[in-house]
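Given next are the chains, with one letter for each unit.
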Amino acid sequence: MQLIPCPWCGPREEAEFHYGGQAHVAYPEDPSALTDEEWARYVFFRENPSGPFAERWSHNAGCRRWFNAVRDTRTHDLLAVYRVGEPMPEVTA
Amino acid sequence: MTSPPGAHLPEHPDFLWDDPEPKSSYDVVVVGGGGHGLATAYYLAKVHGITNVAVLEKGWLAGGNMARNTTIIRSNYLWDESSGIYEHSLKLWEGLEEDLGYPILFDQRGVLNLAHSLQDVRDSVRRVNANRLNGIDAEWVDPAGVKEICPIVNTSPDVRYPVLGATYQPRAGIAKHDYVAWGYARAAHEMGVDLIQDCEVTGLETAGGRITAVRTSRGRIAAGKVALCAAGHSSVLAKMAGIPLPLASHPLQALVSELLEPVHPTVVMSNAVHVYVSQAHKGELVMGAGIDSYNGYGQRGSFHIIEQQMAAALELFPVFARAHLLRTWAGIVDVSPDASPIVGLTPVGGLYLNCGWGTGGFKATPGVGDCFAHTIAHDKPHPFNEPFTLERFTTGALVDEHGAAAVAH
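Protein chains in written order, with the UniProt record's numbering: chain G, 1 to 93; chain L, 1 to 409.
Bear in mind the hints are in silico, worked out from the structure with no lab data behind them. Only a predicted model underlies this, so the values are computations on that prediction, with no experimental measurement involved. It is possible that part of the hints are untrue.
Rough simulated footprint, nothing fancy, chain L against chain G, three-plus residues with beta-carbon under 8 Å [stated by the list, open to error]:
1) 9 to 21
2) 45 to 51
3) 74 to 85
Even glycine gets a Cβ: it sits at the ideal position worked out from N, Cα and C.
Same shape as in the complex, but just chain G:
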């Protein structure tokens, strides 16, 4: 089973985690000012790269905290993990 290195608990089995999709998607600052197109972008459109992808995970069966990871979607290798609020680290795939 793939091990995911929780930044709080260290490496744990993947089954302990819950996936949260793309990271760094901010809630719109002024939602009522958005056009339909901008709402659609916010609600439905996410990056879907073949390669490094910044995404959210929650350590559900552990510390229950959310964190971010950069994972290569081709190999499923975790290139970096970092805490919420920290900027995405530089990685080489």
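Given the structure of chain G, go ahead and fit chain L onto it with the hints provided.
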């Protein structure tokens, strides 16, 4: 002098299609040589007389999801829009063997979609009624009826997720996925379509808001029109033309058992316990799982998904306990927010989009091939794919099929 090994064997049979060098230009370039791409090329040639067509495949023909699906064919979706395109497809399946002049082992053995909770029952009965209003064969069967149709299903009430009934579509079934691809490829090739393998698209060229060419690992190919049929890689391709898509590519796993005597007469699907099972003509039990939660292009998934799926299969079919697993694999499925496909025009002139089929594209192969070819030939959607625009995510006119599609599309 002894003869070389194999000298007594007959000559290699004729190939069903050639392996040509790409020409410098085509009227239509179809990107993706899976079921949808091959079917689109076939109907372009057959129905619309457009034969200066290339199908570009980065690997080998039908080696992606067309080789990895669980071959289930059905049309019992909830909404009118979905009924239209899936039932159109099912009707084409019913004549496809004759149309292609090639055996595809299409077998209408029916599909049971099990209900395990009162909410499942309500949703299922509603779907049966919606299907019947749309002229689709559907009935609600109680647990005794389930047992009669598929005697090996465990319908006892003392399990964690008891079977409370099922929807049944008798005209649903399975087909031999490889034969379907080969049949379309052979027929398209005979009408003059170039099937070009080992040819990866690396760029899309546009000028004045119109598509002009594709760049590939085998050189630049000018194109009047370009049609994307790339399933899990649709986001990557569309991005080359600057078009963001509301898709997430996930691994979807499936597995087969060793070959067994015929034990399973129909197709059984269960959204609640995440498994769907049929028995292939050859004898393997074919079982599909739910998608892995994370995005992935690696054509493999996590083992705990398989474990969960086997647990579900064993609860439904205790008789499988001694069956051995033969192999597991994964495909990359492009999941859309409303579990419905995106088929139609794009903001770029001459560039057409067919994606978002998620876990359920195989059943749609003939239907979408026909409708997508129409869309390309007329630069206008066919009535059956008109609701499935990219714009619906902005206008809000979603076609929410999570209930009918769910895990077991």
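Right, here's what the structure says about each hint:
1. Counting residues of the stretch 9 to 21 of chain G whose beta carbon lies closer than 8 Å to any beta carbon of chain L gives 5, which meets the minimum of three for the stated coverage.
2. Closer than 8 Å: that is the beta-carbon criterion, and the stretch 45 to 51 of chain G has 5 residues meeting it against chain L, so the requirement of 3 holds.
3. Coverage of the stretch 74 to 85 of chain G by chain L holds in this model, with 3 residues showing a Cβ closer than 8 Å to a Cβ of that chain against a need of three.
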